[in-house]
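**Q** For the record, the sequence lines run as chains P and F.
Residue numbers for the first sequence follow UniProt numbering, beginning at 1 and rising by one.
Residue numbers for the second sequence follow UniProt numbering, beginning at 1 and rising by one.
Among the hints, erroneous ones may be present.
Computed cross-link-like contacts, DSBU-like style, restricted to lysine-lysine with a CA-CA straight-line distance of at most 30 Å [unchecked claim]: (1) P/Lys-36 - F/Lys-235; (2) F/Lys-191 - P/Lys-37; (3) F/Lys-242 - F/Lys-432; (4) F/Lys-235 - F/Lys-245; (5) F/Lys-432 - P/Lys-22; (6) P/Lys-37 - P/Lys-22; (7) P/Lys-86 - F/Lys-412; (8) P/Lys-86 - F/Lys-432.
In case anyone wonders, no lab produced these hints; they're calculated from the structure.
Quick caveat: nothing in here was measured; it's all calculated off a predicted structure.
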Amino acid sequence: MALQIVDGCVNCWACEPLCPSKAIYAAIPHFLIDAKKCTECDGDYADKQCASICPVEQVIVDSQGAALNPPGSLTGIPPERWERVKAEIQAR
Amino acid sequence: MELTVLGQSQTEISAGGCASSGCGSNDDQLNHLPEHIRAKVHNHPCYSEEAHHHYARMHVAVAPACNIQCHYCNRKYDCSNESRPGVVSELLTPDQAVKKVMTVAANIPQMTVLGIAGPGDPLANPERTFDTFRQLTEKAPDIKLCVSTNGLALPELVDELCQHNIDHVTMTINCVDPDIGAQIYPWIFWKNRRVYGRKGAEILIKQQQKGLQMLVDRGILVKVNSVMIPGVNDKHLEEVSKAVKAKGAFLHNVMPLIAEAEHGTFYGVMGQRGPTHDELQELQDACSGDMNMMRHCRQCRADAVGMLGEDRGDEFTMDKIEAVDVDYAAAMVKRAEVHAAIEATLAAKQQKKNETFISLSSLSIPKKESRPVLMAIATSGGGIINQHFGHAREFLIYEANAHDVRFISHRKTDLYCSGDDTCGDGESVLQKTINALKGCEVVLCSKIGYEPWGMLEEAGIMPNGEHALEAIEDAVAAVYKEMGEKGLLDKKPETKQRATA
Ligand code: SF4
Ligand code: SF4
Ligand code: SF4
Numbered sequence: 001m002a003l004q005i006v007d008g009c010v011n012c013w014a015c016e017p018l019c020p021s022k023a024i025y026a027a028i029p030h031f032l033i034d035a036k037k038c039t040e041c042d043g044d045y046a047d048k049q050c051a052s053i054c055p056v057e058q059v060i061v062d063s064q065g066a067a068l069n070p071p072g073s074l075t076g077i078p079p080e081r082w083e084r085v086k087a088e089i090q091a092r
Numbered sequence: 001m002e003l004t005v006l007g008q009s010q011t012e013i014s015a016g017g018c019a020s021s022g023c024g025s026n027d028d029q030l031n032h033l034p035e036h037i038r039a040k041v042h043n044h045p046c047y048s049e050e051a052h053h054h055y056a057r058m059h060v061a062v063a064p065a066c067n068i069q070c071h072y073c074n075r076k077y078d079c080s081n082e083s084r085p086g087v088v089s090e091l092l093t094p095d096q097a098v099k100k101v102m103t104v105a106a107n108i109p110q111m112t113v114l115g116i117a118g119p120g121d122p123l124a125n126p127e128r129t130f131d132t133f134r135q136l137t138e139k140a141p142d143i144k145l146c147v148s149t150n151g152l153a154l155p156e157l158v159d160e161l162c163q164h165n166i167d168h169v170t171m172t173i174n175c176v177d178p179d180i181g182a183q184i185y186p187w188i189f190w191k192n193r194r195v196y197g198r199k200g201a202e203i204l205i206k207q208q209q210k211g212l213q214m215l216v217d218r219g220i221l222v223k224v225n226s227v228m229i230p231g232v233n234d235k236h237l238e239e240v241s242k243a244v245k246a247k248g249a250f251l252h253n254v255m256p257l258i259a260e261a262e263h264g265t266f267y268g269v270m271g272q273r274g275p276t277h278d279e280l281q282e283l284q285d286a287c288s289g290d291m292n293m294m295r296h297c298r299q300c301r302a303d304a305v306g307m308l309g310e311d312r313g314d315e316f317t318m319d320k321i322e323a324v325d326v327d328y329a330a331a332m333v334k335r336a337e338v339h340a341a342i343e344a345t346l347a348a349k350q351q352k353k354n355e356t357f358i359s360l361s362s363l364s365i366p367k368k369e370s371r372p373v374l375m376a377i378a379t380s381g382g383g384i385i386n387q388h389f390g391h392a393r394e395f396l397i398y399e400a401n402a403h404d405v406r407f408i409s410h411r412k413t414d415l416y417c418s419g420d421d422t423c424g425d426g427e428s429v430l431q432k433t434i435n436a437l438k439g440c441e442v443v444l445c446s447k448i449g450y451e452p453w454g455m456l457e458e459a460g461i462m463p464n465g466e467h468a469l470e471a472i473e474d475a476v477a478a479v480y481k482e483m484g485e486k487g488l489l490d491k492k493p494e495t496k497q498r499a500t501a
């Protein structure tokens, strides 16, 4: 039972001080979670702390690889819209 | 462009009496403040418009985390909640930040203020922020410290904050109504949970108002920044201005939303537009009936270094300063000398300014017919006209009317000529500059080339290089007087195109 930080993490430090298990550490190229220490906050908080502060969608995933903050959930930007705008910008 | 907006606000201001902002001579917004407050702000480039010509500030980026999300911020690429563009090239540890501050203070003696403005929220990173402050309070006692925050964590940290060498705090307050807040803040992080929408906004607003009150009670000056978002909070910001003024905030700074799609922010991607120059100015004037307005904010980066409007950050990257050994005791002596010289210049200028106003108000132009005129100034600092038109990255906009000369805003432009022969697409950029100066009738600079001269004239903007190296306000007054003598102030300006979005 452990979460994982994947590519996309912007090294913002927000999650590190909040982890009750001290499982999160700064690393290169991005922060990591020590799977042996992560308890998914069980017994400490109702919500998984790292996932509740992380500002970037899709970078914290569960053991199945599912994002705790799926696309659109934090920014409110509908994912299709963002894809379209990205394509428009790239076409410039 | 119509100038009636200014005319209206003029009557509003004078109707407000002395308790309201400008008291006639809007030119020095600090004049009416008690001495102990003037002492706190006279050398702070962000708080005193006069000071920003002479003193410099710097920000250190030590605070990357944030506890809220704003729709104008995207922390995926270089984050910022508090200062857009929040581009930060180098995140510093507190020790590195202290080293950088001392190096800059030794090299730019005009530097008086060190601010922590992110790139996230400084109070969401209390350990890093306070460690930096603690060290600086001890090692560099002649530097004022400054912090800017969204306010969510302020009430619990206010006492710790006040232990440091802090005179002012900047809070970003975009609304006092949670329904509007819900359109600006998708979520906040509160008591170990994410709280979404209206509920989150309600908590944030409560904390902000409480924090504001606590700061005021402790004698700290509070500047409130608000981001003007057309169709979201533009109509609401006058109410915000009233509310924060009632609580005792010292200065209100209404900033335009910057929302380009490529920033990847919610507003950028969803096509939310920013305000036009006209809209911003109109709102700033409307709010100024209730309180001091700041108009010279450059929305600096969270790692800006130098005078407002310039950025010397590149000279002080960590790799360049790591090896430097700073003799701070010696630097302090030099700093004190430089500051004394600036104060002497300011005092002399103030005296001269009073003289100018006497002559200006005795102008024989019948007041009713003499309309206000906007002028753009090319300056690289010092309060004088000292920049080549083609080198100006931004222009300061001043308004002259029959009573006084006042600073209105600054407008950024793209550099269209770099002095060498890289001026390939010069023309289109020059056109951009001219668009940025829309509504101005005169542009004052130290020098100007033949080609832009013609294009400016064609656009109805009179270039003027005759006042090079003169004090801005004196020159603006003189040009206005000249225009009056030529009978140019009786009729409406020829170009009346309305600035469009
Ligand atoms: S889920 Fe909880 S315990 Fe696991 S890394 Fe995140 S904060 Fe730490
Ligand atoms: S909060 Fe998210 S983006 Fe920030 S360091 Fe942690 S995982 Fe990375
Ligand atoms: S962001 Fe505004 S308030 Fe902060 S230093 Fe820059 S000009 Fe001053």
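**Q** All the hints need checking, so say for each whether the structure fits it.
**A** How the hints compare with the structure:
1. The suggested pairing of P/Lys-36 with F/Lys-235 is violated, with an alpha-carbon distance near 53 Å, which exceeds 30 Å.
2. For the hint linking F/Lys-191 to P/Lys-37, the alpha-carbon distance of about 23 Å falls within 30 Å, and the restraint holds.
3. Taking the CA atoms of F/Lys-242 and F/Lys-432, the gap is near 36 Å; set against the 30 Å cutoff, the hint is violated.
4. Restraint check: the Cα-Cα separation between F/Lys-235 and F/Lys-245 comes to about 17 Å, which is no more than 30 Å; the hinted pair holds.
5. Our distance criterion of 30 Å between C-alpha atoms is broken by F/Lys-432 and P/Lys-22, whose separation comes to about 53 Å.
6. Note on P/Lys-37 and P/Lys-22: the hinted pairing holds, with a Cα-Cα distance of about 7 Å set against a maximum of 30 Å.
7. Between P/Lys-86 and F/Lys-412 the CA atoms are separated by roughly 26 Å; this keeps the pair inside 30 Å, and the hint holds.
8. A hinted pair counts as satisfied when its Cα atoms are at most 30 Å apart, and P/Lys-86 with F/Lys-432 qualifies at roughly 25 Å.
When held up to the earlier numbered hints, the structure conflicts with 1, 3, 5 and fits the remainder.
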